[in-house]
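Protein chains in written order, with the working numbering: chain W, 1 to 153; chain L, 1 to 148.
Hints were generated in silico from the structure; no laboratory data involved.
Mixed in with the good hints, there may be bad ones.
[What the hints assert, rightly or not] Keeping only pairs whose Cα atoms sit at most 20 Å apart, straight-line, the calculated EDC-like set for lysine to aspartate or glutamate is:
#1 Lys-67/L - Asp-140/W
#2 Lys-123/W - Asp-63/L
#3 Lys-123/W - Asp-61/L
#4 Lys-123/W - Asp-62/L
#5 Lys-137/W - Glu-66/W
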Amino acid sequence: MDNVNPNEKSQGADAKSGETGCEGGGHAIEHLHEAEHDLEKALEKQRDAAQEIAKAEVEIKEAIREEEQEHARQFAVEVLYDGVKKKFEVRIEETVKQLLDKAIAAFGPLPNPHTLSLYKDGKELADTSTIKQAGIKPHDVLLLRPSTVKGGA
Amino acid sequence: MSVLYRLEWGMLEETFKHLRQCGDGRDECQILWLSSWDMPEVISKVVHPKHAAHFGGFVLDDDWLNKFWMELGDTNMGIRFQVHTHPGEAFHSKTDDEFPILHKPGFLSLVIPNFGLGAVGFKDAYLTEIQTNGGWQEVPIESRLVLT
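Given the sequences, and given the hints that come with them, work out the whole structure.
Below, the structure is given as structure tokens:
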């Protein structure tokens, strides 16, 4: 037992050391997988955050647009007559009749203007209302059409 | 100013079919002839408006008219003729003069006699056109319309 070859002992120690080295590599790979998993989760969170930012930006733009529409004092609307659209600048204090007259002149002149009215969302607009009172907003499309269409022998 | 419109024979047949089926020899009925703003002289669509009718007249439905007005804009089409029937003789009544679908110079209104129950064609039909002063003036059918 006393005559143990130091080389043999050393070899044994190296072999043990080699085993320990293998176990350490396994842990490292495991850590690597965990790190990859964490990275994927982080990237996913980043993507979600980017989507939320984009959504928030759209909502902000929409809110700004609505705010501008709400408080715009002068803006453009379109009037549609016989399949043709024309743009008109209006001020909120103008009357519907003023816009109606401008539209009739632009599309014509159209004879018998008293038979024509402006319509918004299917409703005839009162001539005496202001643009604001009539609820006309920027970019609205208003219909210029006769109030009544009928015939009879 | 005046335009000579082209109408396919099949569209005239379609028009008479609507006038007869809807009017059924009892009520007046109206049809509209449309064409594209890109090629106004070629009638390309026959429209049968939603309306209430009786022996001596008709009234277009208001909601239908709103939707139709938007559709004209969306499809780039314009109304060139209104066509309607009378129980007997074809002419333009005071109501016809005052309440057309369009009131602009050059717009045409064709009246078909006897609820459209006669032969398909323009026999005894009456065509009138809005003038620049807003009044209506009878015009020969062949001066404004050619069948193809």
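Structure-based check of each hint:
For the hint pairing Lys-67/L with Asp-140/W, the CA-to-CA distance comes to about 15 Å; that is within 20 Å, so the pair holds. Restraint check: the Cα-Cα separation between Lys-123/W and Asp-63/L comes to about 9 Å, which is no more than 20 Å; the hinted pair holds. Between the alpha carbons of Lys-123/W and Asp-61/L the distance comes to roughly 13 Å, so the proposed pair stays at or under 20 Å and holds. Of the pairs offered as hints, the one joining Lys-123/W and Asp-62/L holds, with about 10 Å between alpha carbons and a cut-off of 20 Å not exceeded.
A hinted pair counts as satisfied when its Cα atoms are at most 20 Å apart, and Lys-137/W with Glu-66/W qualifies at roughly 10 Å.
Checked against the numbered hints above, the structure violates none of them.
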